[in-house]
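If you read the protein sequences in the order shown, they are chains W and B. Just so it is clear: in the first sequence, position 38 is 63 by our numbering, and no numbers are missing. Just so it is clear: in the second sequence, position 128 is 130 by our numbering, and no numbers are missing.
Treat each hint with caution, since some may be false.
Stated by the list, open to error - One-sided excerpt, in silico: chain B residues whose CB lies under 8 Å from chain W:
1) R88
2) R89
3) L99
4) L110
5) A189
6) I202
7) K206
8) V234
9) Y353
10) G354
11) A356
12) Y359
13) T389
14) F392
15) V393
16) F435
What the hints contain is simulated information worked out from the structure, not anything from laboratory work. Keep in mind the model is a prediction, meaning the values are calculated, not measured. Heads up, the beta-carbon is just placed ideally off N, CA and C, and yes, glycines get one too.
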Amino acid sequence: MERDERTVVTRSRLTSALTDIHFWVPVAVLLGGLLLLRFIH
Amino acid sequence: MQSALTPETVPAVSDTTRSRKLQLLGILSGFTAGAWLGAAEAPTKLVSIGISPLVISLIMVIGVFLARWSLPALVLGTASIRADVRRAPHLLIWAVLAGCLWAVANTLTIFAIRDIGLSIAFPLWNSNSLLGIFWGFLFFNELRQAGWRRWTGVLGGALVMCFGAALLAVASSTQAAAGHSPRGVWAALGAGVLWGTMYIPYRKAYLTGMNPLSFVTFFTFGELGMMAALAVSYTGLAPLWRELQSARGVIFWLMLGGFIWVIGDVFQQYAAKYVGISRGIPLSNSNQLWGLLWGIFVFGELHGRGVSIYMQVVGGSLLMMLGVGAIAFSSATGKEQTRWKEAAQREGRRYGVAADYVEARMEGRQLAGESRPGRSAWDWLLVGGATSIFVVFATMARVPQMSFHWGPVVLLTAALLFLLLICALALLRTTRFH
Numbered sequence: 026m027e028r029d030e031r032t033v034v035t036r037s038r039l040t041s042a043l044t045d046i047h048f049w050v051p052v053a054v055l056l057g058g059l060l061l062l063r064f065i066h
Numbered sequence: 003m004q005s006a007l008t009p010e011t012v013p014a015v016s017d018t019t020r021s022r023k024l025q026l027l028g029i030l031s032g033f034t035a036g037a038w039l040g041a042a043e044a045p046t047k048l049v050s051i052g053i054s055p056l057v058i059s060l061i062m063v064i065g066v067f068l069a070r071w072s073l074p075a076l077v078l079g080t081a082s083i084r085a086d087v088r089r090a091p092h093l094l095i096w097a098v099l100a101g102c103l104w105a106v107a108n109t110l111t112i113f114a115i116r117d118i119g120l121s122i123a124f125p126l127w128n129s130n131s132l133l134g135i136f137w138g139f140l141f142f143n144e145l146r147q148a149g150w151r152r153w154t155g156v157l158g159g160a161l162v163m164c165f166g167a168a169l170l171a172v173a174s175s176t177q178a179a180a181g182h183s184p185r186g187v188w189a190a191l192g193a194g195v196l197w198g199t200m201y202i203p204y205r206k207a208y209l210t211g212m213n214p215l216s217f218v219t220f221f222t223f224g225e226l227g228m229m230a231a232l233a234v235s236y237t238g239l240a241p242l243w244r245e246l247q248s249a250r251g252v253i254f255w256l257m258l259g260g261f262i263w264v265i266g267d268v269f270q271q272y273a274a275k276y277v278g279i280s281r282g283i284p285l286s287n288s289n290q291l292w293g294l295l296w297g298i299f300v301f302g303e304l305h306g307r308g309v310s311i312y313m314q315v316v317g318g319s320l321l322m323m324l325g326v327g328a329i330a331f332s333s334a335t336g337k338e339q340t341r342w343k344e345a346a347q348r349e350g351r352r353y354g355v356a357a358d359y360v361e362a363r364m365e366g367r368q369l370a371g372e373s374r375p376g377r378s379a380w381d382w383l384l385v386g387g388a389t390s391i392f393v394v395f396a397t398m399a400r401v402p403q404m405s406f407h408w409g410p411v412v413l414l415t416a417a418l419l420f421l422l423l424i425c426a427l428a429l430l431r432t433t434r435f436h
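One chain only, chain W, in its complex shape (with noise of 0.2 Å):
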């Protein structure tokens, strides 16, 4: 019971988390930096 509210609240801060602009905008420029270098190299 325990084991499965403890997945539940992992699984609520996961889909909090992909769901979040703060993430999205640092993985875009992250993605971009890659792009960037492997441009440059």
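Got chain W; can you put chain B on it based on the hints?
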């Protein structure tokens, strides 16, 4: 006689005093960060053999990794880090993400310096503080209801610092740039964008109550993982290993540079926590000034250069100090801090972090009744292990064949230690490093 302070006003006065103390603490942390981040360049100047910049960066990051685990273990203990992670586990993602951003930005700077030279590249990536101000305003309510004076102080100070940085970079550039390639300009701008965006995870973590010492321990996994991946993919595993072996004599100096850098970065994190990224980042960007002091007085970098170069250095330094001063005197007002609290409450609600915990940590204190985890044998093992690795590489280190001036070394080191002592004591007394 009746006291002028009613019970309602006593906590308000106490809150204001506490808030002012934390602002001063953040500003002091920003200054100290600048000094230590600038000094981190000194050991790397001792390395003059032909090692690939990527390998130099990787070795520094290994030193950084060791420091990022041993320092928090020494100051607070890993039990405290575990307790922090249990309260806000989602922040691990942001810490690793920030570490990855740092590693890619650092690698881009290497290419930028190669293509357009330090004099053009440095001011371009130093624009990260302007982006930090933008993200702070947009996402975390920084500078909201701050009034035009504070806006002018922060934004104007950051712009003046960028201009001063440009002058210093031109003056400190000892040789002409390899060629004004647009590729180098893109690399420098890219590094600025990556570093500027890296402060989103910083602020997010500190608004939700995470301790800077906990954040950096996970940040470093992203940093080392991404840096190792980049070094392997661009150099190849076997050539990388050969380069690492041939660099045995200088590994210690590079790791030492990484270690000093971490001390500066920890103070930068405290600055971001207590004065926000819009003020903390420009303050710690004063590292360029300190790096130049080491370059000129210890390594005699501008020796024999013309008067105009010295004028540029003096002018650039004065501008940077002016910018730092303007930002330092633009601390957040009560109204702006209320907006910070709103942003913190929003984060707490979104991720299910207890409101009282978020509030306590924003004020740099522990929750009432919160147990203080102590240090364990594991912590001492971490500290001992990291120290041993440094000692082993120190025994392999070659003493560099170059002249430097011992007088300024002693003076600058004394200034660093003084700032470290003052800031660490202030953090200990005011927040006990929370």
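Checked hints:
1. R88: violated (11 Å)
2. R89: violated (12 Å)
3. L99: With a closest approach of 5 Å, the B/L99 hint holds.
4. L110: This hint holds: B/L110 lies near chain W, its Cβ roughly 6 Å from the closest one there, short of 8 Å.
5. A189: holds (5 Å)
6. I202: Holds. Min distance 5 Å.
7. K206: Hint holds; B/K206 Cβ to chain W Cβ min 6 Å, cut 8 Å.
8. V234: B/V234 check fails; min Cβ-Cβ to chain W is 13 Å, beyond 8 Å.
9. Y353: holds (6 Å)
10. G354: This interface hint holds because 7 Å falls under the 8 Å limit.
11. A356: violated (13 Å)
12. Y359: Status violated, d = 15 Å.
13. T389: Not OK, violated: B/T389 not within 8 Å of chain W, min 33 Å.
14. F392: violated (30 Å)
15. V393: violated (35 Å)
16. F435: This hint is violated: B/F435 lies away from chain W, its Cβ roughly 26 Å from the closest one there, beyond 8 Å.
When the structure is compared with the earlier hints, violations turn up for hints 1, 2, 8, 11, 12, 13, 14, 15 and 16 and for no others.
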